[in-house]
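All chains should be modelled from the sequences, with the hints used to inform the complete structure.
Same order as they appear, the protein sequences are chains A and B.
Using my numbering, the first residue of the first sequence is number 1, and each one after it goes up by one.
Using my numbering, the first residue of the second sequence is number 1, and each one after it goes up by one.
If you are wondering where the hints come from, they were derived from the structure by calculation, not from laboratory data.
Quantities reported herein were computed from a predicted structural model and do not represent experimental measurements.
Do not take every clue at face value.
The list treats identical chains as one, so a pair stands whether inside a single copy or across any two.
[Said to hold, decoys possible] List time: in silico EDC-like cross-link candidates among lysine to aspartate or glutamate, alpha-carbon distance up to 16 Å:
(1) Lys57 - Glu69
(2) Lys248 - Glu290
(3) Lys214 - Glu179
(4) Lys280 - Asp136
(5) Lys92 - Glu233
Protein chains: 2
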Amino acid sequence: MREPGPPGVQNYYPPYELGQPITGIGVGVIIRSESPKYRTGDHVYGNLAYQAYSIHKGVPSLRVLPNVETLPWSVYTGMAGMAGQTAYIGWKLYSKAEKVVGDTVFVSTAAGPVGSAVVQLAKSQGLKVVASTGSDEKVEFVKSIGADIAFNYKTQSTAAILEGLGTGIDIYWDNVGGETLEIAINLLNAHGRIISCGSISQYNAGDTEKYGVKNLIYVMTKRLSMTGFLVFEHPDLIDEFYKEFPQKVASGEIKYTEQRYEGLELAGQAILDVQRGHNKAKAVIVVSNE
Amino acid sequence: MREPGPPGVQNYYPPYELGQPITGIGVGVIIRSESPKYRTGDHVYGNLAYQAYSIHKGVPSLRVLPNVETLPWSVYTGMAGMAGQTAYIGWKLYSKAEKVVGDTVFVSTAAGPVGSAVVQLAKSQGLKVVASTGSDEKVEFVKSIGADIAFNYKTQSTAAILEGLGTGIDIYWDNVGGETLEIAINLLNAHGRIISCGSISQYNAGDTEKYGVKNLIYVMTKRLSMTGFLVFEHPDLIDEFYKEFPQKVASGEIKYTEQRYEGLELAGQAILDVQRGHNKAKAVIVVSNE
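Structure follows, in structure tokens:
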């Protein structure tokens, strides 16, 4: 789950340390502070240890969440947190959708926290949204949040669905890589954009199992762009996100789902479910309620 | 040579018509004009038929070349024409080199008209230039125009050369696609840029021969961008090109080579040489001298 980065590239997060609690994006409450940045009772967001209490030395880079929207705090770990930020920032920077309303976007793993945010952002801008996900139950969820076409890629052919549109696609939000990426490249229109957000089909593929994408010539002939990004590298947009996005979640304009694991003792199960794709929504481990 | 475009995408040029002269980018002289855009004696640049004289009905989209630089007209078909434009526009729009002087760029087919322009543009901005080409003679030419490292990819390993840099690469100007693209992706640093200008290794590959690029996950993890573009889609930059670039060619700041085929009867040979990669420089067919 915390793979080493590619050669010469530092990983997004520091690796876990043996014998130490693992860490993840979480929301916590300041109990005592010696920093002027944090006051007792402040709710903070950032990389926190999986434990009931922890001590942060120096001035940690935790963000104080005013939560004027009075959202459940758990939402700040998902739709109003990194997942929402990823969708917001990737879409804002690379969809170029402002200029071409009327486009069609294809979103893979559309029922996940990032995918479902992208579906809703795209829909709110008037795009036609085609969404793939891995179960019929998730198909229903993705339709309920506005996807025009949603399908179970395990029982339906992605290529047939995209070809069946008759119009091609203009944007592919890629969470999976591999063959699905190749199919999307085949069906992208001129000036199509690929937003490379994830590559879950390739994470655990051995060297001989990795999928070879054979149609990259279309990047040139169709004048496509393909871009990867990292949410933390855009601090200005993260500030903007917090101004705009949580209130849309609070108002119901942006919908979300959560799968809550109540108690730290379920953390292992939660991680296993996510790694195996058995979770049904954004997995949240509730260490303690206030 | 004029393949059908990918599904749903119009090709760059109209296909050749059987029984009609083939066409290509050329420079001609206006002999008689009924359009106020063109005067007798004007030299014009654009898509011209392979013939000594031709009649253009309506108002053709030919550009009048003032040639205040008094370059040989043939240069306007190459370094001061589409090849130079392609390098100038692709580099300007997608290298992001203004912001990160000190970067390393890798250019494939660096002895060709586009590649050699890119080598010189990159060098003039202070980048380190690594260049691959297909013969020892071309290696010498590429070094003579400023490449820091030039190698014959047929006798040396591209992967070994790029790994040997020790620094990775920041920009890959891709003229070839396939395995070379995969190698470049492996060696690109975080935030690396791929400018997809050509894919010559894949043009004539059958479906079973096409190379599958297996490491596109790095687009995400290394936050790469890969972009294709078409020179004709940026008219403003083409105007800018004509203001800036031909004078650099005239002054010798940008160097070029040409392989001239004197006489229309050599057109077939010229095309064959280019398609087979037997040309040694920009191929120019001289239909007639003034």
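Hint-by-hint comparison with the structure:
For the homomeric pair Lys57 and Glu69, neither the shortest alpha-carbon distance inside one copy (30 Å) nor that between copies (66 Å) is at most 16 Å. Proximity of Lys248 and Glu290 under a CA criterion of 16 Å is satisfied in neither setting, with 24 Å inside one chain copy and 69 Å between copies. Taking the shortest alpha-carbon separations for Lys214 and Glu179, both the intra-copy value of 10 Å and the inter-copy value of 11 Å come in at or below 16 Å. In the homo-oligomer, the alpha carbons of Lys280 and Asp136 lie at most 16 Å apart inside one protomer (11 Å), although the nearest pairing across protomers, at 59 Å, exceeds that limit.
Within a single copy, Lys92 and Glu233 get their C-alpha atoms as close as 14 Å, which meets the 16 Å cut-off; across copies the closest is 23 Å, which misses it.
Hints 1, 2 from the list above are not met by this structure, while the remaining hints are.
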